[in-house]
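Following the hints, complete the assembly by docking chains B and C onto the known chain A.
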Amino acid sequence: MGPSGVGKTTILKLITGQEKPASGEIRVFGENIQKLNRNKLYHLRRRIGVLFQSGALLTDLNVFDNVALPLRHNTKLNERAVRDLVEMKLEAVGLLGATSLYPRELSGGMARRVSLARTLILDPELIMYDEPFVGQDPITMAVLVKLMDTVSKSLPITSIAISHDVEEILSIADYGYLLSQGKAVDSGTPEKLTQQGSEYAKQFLKGIEDGPVPFHFPNETPLKQRLLSG
Amino acid sequence: MARLSKLGSNVISLFSSLGRAQVFLWHIWSAGISFSGVVKQIYFVGVLSLPIILVSGFFVGMVLGLQGYYTLVDFGAADSLGVLVALTLTRELGPVVGAILFAGRSGSALTTEVGLMKATEQLAALELMGIDPMRFVMRPRFIAGIISLPFLVMMFVAVGVLGAWFVSVGLLGIDDGAFWSQMQAKVSWSNDVLNGLVKALIFSVVVTWLALFLGNDAIPTAEGVSGATTATVVYSSLWVLGLDFILTAMMFD
Amino acid sequence: MSNKFEWWVGLFTALAIASILFISLRVSNFQVSSGGDQYKVYAYFDEIGGLKPRAPITMAGVVVGRVGEISLDVESFQAKVVFNMNSKYKKIPDDTSASILTAGILGEKYIGLTPGGAEEFLENEGIVSQTQSAIVLENLISKFLLNSDEEK
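Residue numbers (our numbering), protein chains in the order written: chain A, 1 to 230; chain B, 231 to 483; chain C, 484 to 635.
Simulated from the structure, these hints should not be mistaken for laboratory data.
We treat Cβ as the ideally placed atom computed from N, Cα and C, and that holds for glycine.
Accuracy of the hints is not assured; some may be wrong.
[Said to hold, decoys possible] Quick partial rundown of chain B residues pointing at chain A, CB under 10 Å, derived from the structure:
#1 Arg233
#2 Lys236
#3 Leu346
#4 Thr350
#5 Glu351
#6 Leu353
#7 Ala354
#8 Ala355
#9 Glu357
#10 Gly360
#11 Asp362
#12 Leu401
#13 Leu402
#14 Asp405
Bound conformation, chain A alone (with noise of 0.2 Å):
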């Protein structure tokens, strides 16, 4: 968790590879990533899951080829093997009435929901969300806290959350971690994160406008004296 511009989607894309860091190493299973060869690389990200803000499905296939794109391209199961899996998967986030609409014909919810499930298709070891409820009415928050409870439950899967939705994401984590400026500063389980943490986190956690995190950007000019300075 986080305020915006900490550097939470700058972890997830460390963790997958995308972006090298400039100094130490992060290691995913056991393998230090940015040392692999692109083939290991994509090899490694099929045992994770990304769940994007936007769903970034492609918008020139519907939903059952989006959802069975990785099944496709990843396995040599056949049509029939891939249109079970598919449909399970829709099944489980509530769109097998939706195969074949195309993702503009998606609310953001629902495409959201299409890519949970494509993201879940390849059965990964590791699944992140990236802001997963920025811009969701109560109803589709609803409804991803509780698919993202259940998959993360239910499945033998670790669950990574970004999110700076703290009543949503705090019902539902293990465990939190408190960003700031680049930094960890807070950690814990729920109860400690909300009870016992430090100002910064009741700042964040409660929504309050001044704190630690000041309510002015750095202005060295006060207001009044660039008025009278005309």
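Just chains B and C now, kept in the frame of chain A:
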């Protein structure tokens, strides 16, 4: 001094983007064969360019017929109109105008599509699903572009000749037999037609490569993608015209 | 959906092939040139004017072959011209004469063959012995001027 360092950084960024373009081509080339999407891409890149190519070709042919007629008739050589039109179209106008229209219609569409796929994280999503976007997105489009443009150029030339025939034989009363026989006598398949096709093939590589590279290299914002689209049309046209000069000098000296 | 694409791309390809055929057969002089269809004869000219390779060789106005390689024979200082004759016209008398003619006043040069009366026919690698050179306009004019000077 500041200006000098600006110039320096411009030169460096020019070279680094040239370098990236080559790496990009190498990745497309080495991405492995996936023809599954090629047919669909030929539809988007080639078939959708048909109307503009056919209509422009017909009008270019008609204009060439009219202009040629007014010049040649003074020398009593109006019968050679067919030759004039056919040579102009096969050697120059077919490949060049075809490639520029192709850049405007299909090149820009490719850049926008790839740029938007990047902006909406579709390319990143593919990578994270373990699907190589070079193989899945770029390669089918690249192959489709290379196949489509020479096809379109041939159609452009054919329709252009028909347009000129329509004007000269249909409207200006030039003898039908003279029109075709003079043309056949003077247009050489191995020199004119084949060289035109080679030009079209080279242009198709350049335009498609530029379009895909600029789309993939675009800054993933609305301005970035629209800027890349403009750049595709501008750079493609300039490259095509520049290369055409060099190729013509090499082929027909 | 994919059927639609295939249908259109099929049509696209068919149109492209039709265009290529049209350009090959109607617009240009596409021939599958193989050695078997042709036989070669040579002719020596004092002056070929603007004769170019691929110029037509005609007899009674019908194209019977095309000019091949043109080179200078360094012994006689004549132009050696290869005639690639169409094998359909095998029986051409060996005393046939060849002249370089011009289509129209400023048109392209071509070869005109006038048949002789011999019983023997031209063979592959044979020589057309009777030739008439190209008329060079400048020579013609200077000759004309010279003549008109003498008359005065």
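For each hint, the structure was consulted:
1. Arg233: Nearest chain A Cβ about 29 Å off; hint violated.
2. Lys236: violated, 26 Å
3. Leu346: holds, 8 Å
4. Thr350: Since the shortest Cβ distance to chain A is 5 Å, the answer is holds.
5. Glu351: holds, 4 Å
6. Leu353: holds, 9 Å
7. Ala354: Holds, because the Cβ-Cβ distance from B/Ala354 to chain A comes to roughly 6 Å (cut-off 10 Å).
8. Ala355: holds, 4 Å
9. Glu357: The hint holds - B/Glu357 has a Cβ within 10 Å of chain A, the shortest such distance being about 7 Å.
10. Gly360: holds, 4 Å
11. Asp362: Holds - the Cβ of B/Asp362 comes within 10 Å of chain A, reaching about 7 Å at its closest.
12. Leu401: violated, 45 Å
13. Leu402: violated, 48 Å
14. Asp405: Not OK, violated: B/Asp405 not within 10 Å of chain A, min 52 Å.
In the structure shown, a violation is registered for the earlier hints numbered 1, 2, 12, 13, 14, in ascending order.
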